[in-house]
Each structure stands twice: as structure tokens, then as C-alpha cells.
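We have chain Z; now place chain S onto it with these hints.
There are 2 protein chains.
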Amino acid sequence: MKEQTADGLPGFNCPVPLSDAKHILLGHGSGGKLTAELIRAVFLPAFGNEYLARLDDEAVLPVSGTRIAFTTDSFVVTPIFFTGGDIGRLAINGTVNDLAMSGARPLYIAAAFILEEGLATADLCRVVESMGAAAKKCDIQIVTGDTKVVNRGKGDKLFITTTGLGLVERPVTISANQARPGDQVILSGTIGDHGMAIMSHREHLQFENEIESDTAPLHMLVAAMLEASHEIHCLRDPTRGGVATTLNELAASSNVGIEIDENKIPVRDAVRGACEILGLDPLYVANEGKLVAIVPLNAAESVLSAMRAHALGREAAIIGEVVADHPRMVLLNTAIGGRRIVDLFFGEQLPRIC
Amino acid sequence: MKEQTADGLPGFNCPVPLSDAKHILLGHGSGGKLTAELIRAVFLPAFGNEYLARLDDEAVLPVSGTRIAFTTDSFVVTPIFFTGGDIGRLAINGTVNDLAMSGARPLYIAAAFILEEGLATADLCRVVESMGAAAKKCDIQIVTGDTKVVNRGKGDKLFITTTGLGLVERPVTISANQARPGDQVILSGTIGDHGMAIMSHREHLQFENEIESDTAPLHMLVAAMLEASHEIHCLRDPTRGGVATTLNELAASSNVGIEIDENKIPVRDAVRGACEILGLDPLYVANEGKLVAIVPLNAAESVLSAMRAHALGREAAIIGEVVADHPRMVLLNTAIGGRRIVDLFFGEQLPRIC
Numbered sequence: 086m087k088e089q090t091a092d093g094l095p096g097f098n099c100p101v102p103l104s105d106a107k108h109i110l111l112g113h114g115s116g117g118k119l120t121a122e123l124i125r126a127v128f129l130p131a132f133g134n135e136y137l138a139r140l141d142d143e144a145v146l147p148v149s150g151t152r153i154a155f156t157t158d159s160f161v162v163t164p165i166f167f168t169g170g171d172i173g174r175l176a177i178n179g180t181v182n183d184l185a186m187s188g189a190r191p192l193y194i195a196a197a198f199i200l201e202e203g204l205a206t207a208d209l210c211r212v213v214e215s216m217g218a219a220a221k222k223c224d225i226q227i228v229t230g231d232t233k234v235v236n237r238g239k240g241d242k243l244f245i246t247t248t249g250l251g252l253v254e255r256p257v258t259i260s261a262n263q264a265r266p267g268d269q270v271i272l273s274g275t276i277g278d279h280g281m282a283i284m285s286h287r288e289h290l291q292f293e294n295e296i297e298s299d300t301a302p303l304h305m306l307v308a309a310m311l312e313a314s315h316e317i318h319c320l321r322d323p324t325r326g327g328v329a330t331t332l333n334e335l336a337a338s339s340n341v342g343i344e345i346d347e348n349k350i351p352v353r354d355a356v357r358g359a360c361e362i363l364g365l366d367p368l369y370v371a372n373e374g375k376l377v378a379i380v381p382l383n384a385a386e387s388v389l390s391a392m393r394a395h396a397l398g399r400e401a402a403i404i405g406e407v408v409a410d411h412p413r414m415v416l417l418n419t420a421i422g423g424r425r426i427v428d429l430f431f432g433e434q435l436p437r438i439c
Numbered sequence: 086m087k088e089q090t091a092d093g094l095p096g097f098n099c100p101v102p103l104s105d106a107k108h109i110l111l112g113h114g115s116g117g118k119l120t121a122e123l124i125r126a127v128f129l130p131a132f133g134n135e136y137l138a139r140l141d142d143e144a145v146l147p148v149s150g151t152r153i154a155f156t157t158d159s160f161v162v163t164p165i166f167f168t169g170g171d172i173g174r175l176a177i178n179g180t181v182n183d184l185a186m187s188g189a190r191p192l193y194i195a196a197a198f199i200l201e202e203g204l205a206t207a208d209l210c211r212v213v214e215s216m217g218a219a220a221k222k223c224d225i226q227i228v229t230g231d232t233k234v235v236n237r238g239k240g241d242k243l244f245i246t247t248t249g250l251g252l253v254e255r256p257v258t259i260s261a262n263q264a265r266p267g268d269q270v271i272l273s274g275t276i277g278d279h280g281m282a283i284m285s286h287r288e289h290l291q292f293e294n295e296i297e298s299d300t301a302p303l304h305m306l307v308a309a310m311l312e313a314s315h316e317i318h319c320l321r322d323p324t325r326g327g328v329a330t331t332l333n334e335l336a337a338s339s340n341v342g343i344e345i346d347e348n349k350i351p352v353r354d355a356v357r358g359a360c361e362i363l364g365l366d367p368l369y370v371a372n373e374g375k376l377v378a379i380v381p382l383n384a385a386e387s388v389l390s391a392m393r394a395h396a397l398g399r400e401a402a403i404i405g406e407v408v409a410d411h412p413r414m415v416l417l418n419t420a421i422g423g424r425r426i427v428d429l430f431f432g433e434q435l436p437r438i439c
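Protein sequence lines, in the order shown, are assigned to chains Z and S.
With my numbering applied, the first sequence corresponds to residues 86 to 439, in that order.
With my numbering applied, the second sequence corresponds to residues 86 to 439, in that order.
Just chain Z, with the same shape it has in the complex:
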């Protein structure tokens, strides 16, 4: 980090200016540019190792001759109950999905709770039961945990951190840095459902068809895809920051360009409508039951067929391809025939969406 300068704060020299932010902003948690900067400037230099440097959502680790997948996420979504799910189900499915994105079979989850004094006991019970049910559905066990309570006004009802442990049994190498020019970009279904379900609650928007979170466990969909081909190069669930952020991350890690076609990307009418009302771009809105796969051309059709045969991949589509041109840049061919750069979002579009 030689090019970075000390920020001159008294008592401690921060290694970077963090876009000149002396304080943490909501945008540092957005999944966009500020988050990326925080990771690169603060976490990587202090923790740096080959696993973290891959910037995957999960690490695949050698343990005693096996390959263990390991992933953690804190969930701070507000409200904690929303159409189609709750913070507990989101936490389990989110962790199962991060494990699945390495091709691992999810095995165990650790769950840590930070409760705010005054939280209704009934709300806690409801969230915990929902977690138990979600885990059972995925055939994964919650084997260890922790509970802390913070004073009223020092938390927000409850935060849950789930950490997953899985086993990579197949001979696959799935990582953000594996995309190659010519690879096809496959999206498993409609985008923006989770983010707009949360925003509809917050903004009290009413639609003829209520928008539901798409929270779902994707490990069986991934298993079906891997049955079709072991040649999958990248898998990522486009949560915080949406498909736009995920594609930028993959393009940067693999040092390739990506081109996608707007009219191939499925978006529900209600989600599109809500995005228009709120001035949001669905490409940046969080999904919690979708994945993006980067697959070599020769395997794309068989993987796509396997996805469409699975309940969670019925609307799967090839939405673009990986190119050698414009490395680290994502281009969108718009529905009206134009072309634009899809960049990382700078500030926060939707805070506390997961």
C-alpha cells in the first residue's frame, strides 16, 4: 500500500484516506465503491493472505486433505419481517448461498445474535423459529452460537451473524478470477425482488401484486448445474449492490470485460414499476435467491437447461458474455439500442437491505 498516505489523525495513522472520509458512512456498507475501498485499504493490508485476497464471498481452505468452504455475513436488515421472509431466513439462506457459490455442499452454520435490550421476546422467537425451519429445509445444522445484549439505543432490535462451513467434494475451481473471454453470463431469474420488497415496506408502497423477497437457498440449483458441467468458472449471488456490482467484481477479479443485454434481463413488472417510482436502477438492487454464473460457451446450453429444469432457475437466461476488450469494465447494450458503462455505485443506494 505504498501509494497511500497517512491521514494524519491524532493518535493513529490510518493507512488510507478512504475517499477522505474521516468517518464511516452508510455507503461503506453498500457493497459498492466505498465498500470495495474499505476492504482494499483497511482489511486487506491488515489481514492479507491468499484466501482473503481472492475477494470471493467465501474462502475455500485446505484442511487435512479436504477442501472446506467458509463464509460469514452479518445481517442488519430493517424491517426484520418483510413480505417473503425475515432476517432469520435471510441469514440462513444467505449463508447457504455463499457456500454453494464455491460449489460446496453446505454442512454447518454458526449463529451469533446481538439483541437490543427491549426487543420483544416474541419477535426473537419468531426469527429463531424461522431460522430453524430454513436450516431444516436446507438439511444444514446450526451447531454453535452466541448471544449478546446491548443497551437500548445501542443496537436495532437484532443483528444476526451467520457463518457457514461446507465441503467442496467435486473437482471444481469456482472463483471470481476464473472468467475468460468467450464465457457466457447466465442469470438464474428476475432481478431486484428482495431489494424492492424491503423498500416497499419502508416506503409503504402498495402494488396490485405485492413484491415478495426472493430469499431462497440455491445449493440444490448449484448441485444441478454441477451435474450438468464441472466447467463452471464463476458463481456469485448478486445481493447488496445487485447484478451490476457482482458483474463489476467478477470483471475486476478476472481482469476481463463483460457485455450484457438489457432486454435479456428478466425484471418483474411490479419491481420495474417500484424502481421507477423510487428512481432506482434494478441492476443495482439486491437479490437473495438468484445467482450469476460464468460458464464456457461449450457448457452454457447444458448448464442453462439444468437451471431451467429447477424450480429456482425456471427463468434463467444467458444475458451476455465475457470479452477481452475493455478489461475490468461492464457494458450494457440498452433496450433502446444504446450502450452504457455499468459502474460500481458510489454511495449507498439502499442501506440495510440485508
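I should point out that these hints are in silico values taken from the structure, not numbers from a laboratory.
Bear in mind that the values here come from a model prediction, so they are computed numbers and not experimental data.
There could be a bad hint or two in this list.
Identical chains blur together in the list; that is why a pair holds if it fits in one copy or across any two.
[Claimed, not checked] Taking lysine-lysine and the BS3-like style, the derived pairs with C-alpha atoms no more than 30 Å apart in a straight line are:
{"#": "1", "residue 1": "107", "residue 2": "221"}
{"#": "2", "residue 1": "221", "residue 2": "118"}
{"#": "3", "residue 1": "239", "residue 2": "349"}
{"#": "4", "residue 1": "349", "residue 2": "221"}
{"#": "5", "residue 1": "349", "residue 2": "107"}
{"#": "6", "residue 1": "118", "residue 2": "349"}
For chain S alone, kept in the frame of chain Z given last:
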């Protein structure tokens, strides 16, 4: 949970009355009776499985022919910087220690951060650097992570959840349910240092000799103990709730009684003094660099010698023994010749100590 009744709250039936608390209290995070009740009433019924039911601080899991130790803890200590440590070092050492308490070699850590909007960037950098240094000292890698940001007033500077993954290579079975009558109770050193270091900061107490947190990684001490004997029955680090809580948990899990002698328990003068000023019992005060071991009589002296030969066990002492009488009860022979029950604490003695 047939004996428990619904609490009749509207919209959801909580399976238990939780000591009739309709809302979460600070005491539910104390590590005492309310925490135990929360675990038994809410978490076990929803998540229930053989690993969680052991109520160890870590789970030992079969994965592809190996034994993996897995543990998680959220750290919400306030203040985040204190004499002898900070929240980051505490998180790394705490997780290393929980892994070590199963006899595992600590390998990897996942770290999830919940930052409050407005946190000084320099404070975050200082904590993260401290975590990196603590991990390096333990030869453990922080391989995956997550960062969320919550609105100002919805968090408290930063919370850190660390999850550890270790490998149990030795043929040991160390668990809270392994204590047997006749076993010796060994304590690795002075008690109450961490808790009173935090309280001194909060209460602005000044002592001639400042009280320092004892936060330290215990994996090498445990390795030395296991070199001396594989017959160690229980290991636990007496953090939240102190030695009193740990002994009660071990007595309950193993369905045995425990008797300890007050005058064999080492307490620093400054800690004793601070406890007297604040009306606290050092037996209930948190430690972050100590362990309690339950060891068969025939192995006790060799384990004790190995401990005393290690820097973190110099003041180790046999403080009592496991008995068949009064199962699930801990008795203290007091310094003045009396005898009293050492029960679980009911409310919160020291909130947000770790």
C-alpha cells in the same frame, strides 16, 4: 418443551415465558441464568441437534473423516479500547481460546463487522490492525469477512463477530459433560482482571497499579497441557459470568458437584480492591486469558506442572475437585472457614464486558 406454556403474545406464541420477560433484558446477555434460560427455551428447541445440545462454547464436527472445531462469538465490549487490549484483539483471542478449549489447533477465522455510521475511520483502522497482529501472533489466518454499516444511533461504534475453524488432531474428548467425581479443578491464573479493567475505565477508577485486561491466546498453553496428558476431561475459558458461571455450567452438563476453596483462587490485590469498591464478587467477573481444566487425579500434577512451565499458566493452581455429592451444585469453602453455594448470577453483573 411440553412442560412450557405459550406466553399468549399476539401474533406469535413464544414457547416459554422467559422468566415472564416479554422483552429482552440486559441480563439475557450476562452469561448467567437468563442467558441459560434463553438458550434452553428459545434456541435449543428451534435449532436442536446433538452438537448444540452439548452446550460447549465450540462444536466438534465430523467432516470427511476429520474432526473440525467450530465456534462463533459476537464482541460488543464498551469501551472498544481499554488497558491491556481492544475489541479486536479480544475477538481474535476469544475465538482462538474457544477453539483451543476443544483441544483443537486453531486454523482460520472469519470476521464480520457491524459499523455505526460516524465511527472514526482511525478507530476502525486501529482495531483492524490489532486484529491482524493478534492473528499473526497465533499463526491463524483471517480468511473471509463481511462489513455492514448501520445508521447513527442504531449501533455503538463497532461490533465484531469472529468465527473460528480448527482441527482436532489429538485423540481427545474434551467436553463440558466429561467431568467425573474425583477429578481435580485447575485454574490457570488470577481471576477478574479483564472485567475489572473494563469497569475501571467505565467508572474512571484510578489505582496505584492500573488493572490490565488479561486477554491472551491460550492455544499454546493447552497444547502444553495436552502434551502432558490426553486425559483432560473439560476445558473452558471463564469469560462472561466468570469462574462461578463456568463451574456451574460444567457441573450441570456433567451432572456432578464441584467444591472449590476460596483461599486457593488467585486474585490480584488491585482486582480485589476494585471489586470491593464496586460491590462485585471476583468469582463472577470475566477473564479473557484464563482457563479452567477438569483433570483426573492421576493426571493433575503433570498437567499442573506443564501449565506452570508456560508463561500464561505460571500461577496455575488446583482450586478444588469434582464430587458425587450435590450434583449440579458448586460449593465454595470460604477463606474464613464457612461454606456457601456459588449459584448462577440472575441478572446482569457487568453488561457488555466482551
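Here's how the hints hold up against the structure:
With identical chains, the CA atoms of residue 107 and residue 221 are at most 30 Å apart between copies only, with a shortest distance of 27 Å across copies and 44 Å within one. In this assembly of identical chains, the alpha carbons of residue 221 and residue 118 lie at most 30 Å apart only when taken from different copies (29 Å versus 36 Å within one copy). Proximity of residue 239 to residue 349 under the C-alpha cut-off of 30 Å is found in neither arrangement, the shortest distances being 45 Å within a copy and 40 Å between copies. In this homomeric assembly, residue 349 and residue 221 never come within 30 Å of each other (Cα to Cα): the closest approach is 35 Å inside a single copy and 48 Å across copies.
In the homo-oligomer, the alpha carbons of residue 349 and residue 107 never lie at most 30 Å apart, since the shortest distance is 42 Å inside one protomer and 50 Å across protomers. Taking the closest pair of Cα atoms, residue 118 and residue 349 come within 30 Å of each other only inside a single copy of the chain (26 Å); across copies the shortest separation is 57 Å, beyond that limit.
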